[in-house]
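K.L.:
Each chain is listed here by its residues.
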Amino acid sequence: MLLNVENLSLSLKKDGSYLKILDDVSFQVEKGETLGIVGESGCGKSMTALSIMRLLPDKAKLEGKVNLEKKEITALSKKQLEKIRGNQISMIFQDPLTSLNPLHSVGKQIGEALYLHTELSKIERKQRVVHLLKEVGLPRADEIVNEYPHQLSGGMRQRVMIAIAMACNPRLLICDEPTTALDVTVQAQILDLMNKLKQMNDMGIIMITHDLGVVAEVCDRVIVMYAGKVVEQGMAEELFANPKHPYTIGLMQSIPKLGERKNQLGSIPGTVPSPKNMPLGCRFADRCNKAMDICRGKQPSTVEVGPNHTAACWLYEEKGVGRYDASRGERSEATFHH
Amino acid sequence: MDAIQYISKRLLLMIPILFGISVLTFFISHTIPGDPARLILGPKADPVIIKELQEKMGLNDPVYVQYGRYVSGILQGDLGNSTYTQQAVVNDLKRYFPATLELTLFSMIITVLVGIPFGIISANKKDKIPDQITRFAALIGVAMPAFWLGIILLLFFYLQLGVLPGAGRLDTWVSPPAHITGMYTIDALLTGNWPVFQSAFIHLILPGITQAAVTIGMITRMTRSSMLEVLRSDYVRTAYAKGGSQNRVLYGHALQNGMMPILTLIGMTFGHSLGGSVLVESVFSWPGLGKYAVNAITYLDFPAVMGVTLLIAVLFIFVNLIIDIFYQVIDPRLKYE
Chain A
1 MLLNVENLSL SLKKDGSYLK ILDDVSFQVE KGETLGIVGE SGCGKSMTAL SIMRLLPDKA
61 KLEGKVNLEK KEITALSKKQ LEKIRGNQIS MIFQDPLTSL NPLHSVGKQI GEALYLHTEL
121 SKIERKQRVV HLLKEVGLPR ADEIVNEYPH QLSGGMRQRV MIAIAMACNP RLLICDEPTT
181 ALDVTVQAQI LDLMNKLKQM NDMGIIMITH DLGVVAEVCD RVIVMYAGKV VEQGMAEELF
241 ANPKHPYTIG LMQSIPKLGE RKNQLGSIPG TVPSPKNMPL GCRFADRCNK AMDICRGKQP
301 STVEVGPNHT AACWLYEEKG VGRYDASRGE RSEATFHH
Chain B
1 MDAIQYISKR LLLMIPILFG ISVLTFFISH TIPGDPARLI LGPKADPVII KELQEKMGLN
61 DPVYVQYGRY VSGILQGDLG NSTYTQQAVV NDLKRYFPAT LELTLFSMII TVLVGIPFGI
121 ISANKKDKIP DQITRFAALI GVAMPAFWLG IILLLFFYLQ LGVLPGAGRL DTWVSPPAHI
181 TGMYTIDALL TGNWPVFQSA FIHLILPGIT QAAVTIGMIT RMTRSSMLEV LRSDYVRTAY
241 AKGGSQNRVL YGHALQNGMM PILTLIGMTF GHSLGGSVLV ESVFSWPGLG KYAVNAITYL
301 DFPAVMGVTL LIAVLFIFVN LIIDIFYQVI DPRLKYE
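For the record, the sequence lines run as chains A and B.
Take the first sequence: its position 31, counting from 1, is numbered 31 in our numbering, and each next residue is one higher.
Take the second sequence: its position 257, counting from 1, is numbered 257 in our numbering, and each next residue is one higher.
The hints are simulated quantities; they were obtained by calculation from the structure and are not laboratory data.
Hints are not guaranteed to be accurate.
Label pairs and their calculated CB-CB ranges [unchecked claim]:
| id | chain 1 | residue 1 | chain 2 | residue 2 | range |
| --- | --- | --- | --- | --- | --- |
| 1 | A | 210 | B | 136 | 42 to 48 Å |
| 2 | B | 247 | A | 56 | 17 to 23 Å |
| 3 | B | 8 | A | 140 | 55 to 61 Å |
| 4 | A | 63 | B | 318 | 40 to 46 Å |
| 5 | B | 136 | A | 63 | 44 to 50 Å |
| 6 | B | 246 | A | 120 | 19 to 25 Å |
| 7 | B | 136 | A | 56 | 27 to 33 Å |
| 8 | B | 202 | A | 122 | 40 to 46 Å |
| 9 | A | 153 | B | 76 | 55 to 61 Å |
| 10 | A | 120 | B | 326 | 27 to 33 Å |
Note that the coordinates shown come from a computational prediction; the quantities given were computed from them, not determined experimentally.
Glycine included, each C-beta is placed from N, C-alpha and C at the ideal position.
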């Protein structure tokens, strides 16, 4: 197992009080696997990524465990984290223009990762940078080394970001909406490139996105998040063919399909509840068309709903498909006792 | 456009600006009431002699004739004679200006070395104790009158402790170094004259700190607000994600991006300090341009007033040109637009 996230909870301080942003999130990433994390904005996808990188604000309270191979990331000191970031775990962000330093040349920005994590000499670093630029499919690599982000197009900038992330051959690559700010044609190229790099380096990828098209294209496995909790988890094909959680079903119905003309696209009414007043029971209950009385009163636990497929929903728990604890048993608030 | 073209264009643009400044100061100083001839000769002078002197100084000619005469003088490097010191204004400026420039440079160095790191610390520790302390200190620095701080420093370090000198540019038993730039510390270094350098340097400390107090406060506050904005940006997060240490991110990525407004303010305060150091110069008996200018104004010494004004204007433009060139060096997106 490459990455193991166990019972991760995150609270951020806002206006004097702590708000729980992530609640008991658990998942794994295997070597050579792409895990998709999907959900609406504000459901905690990006915060999950930043928690793994430990790139959180000072006043954040992080509970639970994150292990990368045998290293427990949640127990590392600042200095130890600096050695891991950009080296064993890299991250690509949504907007490549604002994520690159406008005042540093492309070569300097990629070279910095090499400078921080390798013993390469200046000349070797420069050679490696040019090699990386070619690897991410940039033409005229020799010239682009000396150019600045503002001279490049959006797709080229994202390729530069990927080159920075790939500089030290990371074990895990976290992509936070890497194609959202790009043209559709460029999106496909970038996704292809990431698939290619994954195979070349045998690394794991976490792909955070709200675009189910991206998930279908690159992800092996998917977790669906809602309001800071994992509500469904399964292999991508299984999840698309057989979504279980009403929220996942709602998400699937909101994708327009070619050839089908509907007057109205499926949409989920309402909005994500704010961390300030989280409902006591299932967090999706207020927007769910199948909600029952029990949904509003108690939180559902995670149950197995298919092969390698789990969901946290009362619908399946009552049918008795069998209980399954993704988080090793003890869940004090998930009380389901007959 | 390349650098040389850009600089020469900017230098050419100085000409109309200087023309405007010279016209303005000349006409203002020549239309205010007050007769330099009377001032020179004193209240009991014979009217005939006054008339003679007015004629000799050209005060009866129309203003534009006087201006023409003045400009043709400037073009030959002649700023006229001071009516108060009876010296050529050019020579007076050569004598007093290096002292002011030295003091201003020294206080700007203190400002930059103290103000920018304080601002960065303040922004990085926003709302924590280091930030509160820095902000409070910056506020005091800005709010405290320079002459008052100067007197307090004098009382403490000169009178009480006796560790630092209180007046002038050198100890009385030290003779000034050979005149190269007119700035004693630099001239002493250039000639390798160590004792003179020491003496000149310790004389700079108290007036330098006094003058820097206000500007440190301003630069700290500007750095703080500029850095706060930069630290929120995505590329700072990228730099941390690459594995950069805090210092590396702060000084290697964030500061450079937050430098523009700080540079602008440095340029402004530099120009301002050059012209406005008269209070500090008075407290520390610093023989500089500020005191010279105030005397010139008190005695309606028009040539001296004009000379000082023009010199400061030229320097102000020059400093801002240097700042503009710095912008281009820092930000590749500008490239001599």
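K.L.:
Run every hint past the structure and note whether it holds.
P.N.:
Results for each hint:
1. 210/A x 136/B: 42 to 48 Å: Because 45 Å falls inside the window, the suggested range holds.
2. 247/B x 56/A: 17 to 23 Å: Since residue 247/B and residue 56/A have Cβ atoms about 19 Å apart, the given range 17 to 23 Å holds.
3. 8/B x 140/A: 55 to 61 Å: 33 Å, violated
4. 63/A x 318/B: 40 to 46 Å: At 59 Å between Cβs, range violated.
5. 136/B x 63/A: 44 to 50 Å: 36 Å, violated
6. 246/B x 120/A: 19 to 25 Å: 24 Å, holds
7. 136/B x 56/A: 27 to 33 Å: 29 Å, holds
8. 202/B x 122/A: 40 to 46 Å: Between residue 202/B and residue 122/A, where Cβ atoms are some 43 Å apart, the hint holds.
9. 153/A x 76/B: 55 to 61 Å: 58 Å, holds
10. 120/A x 326/B: 27 to 33 Å: Given range 27 to 33 Å: holds, Cβ gap about 32 Å.
The structure does not agree with the numbered hints 3, 4 and 5 stated previously, though it agrees with the rest.
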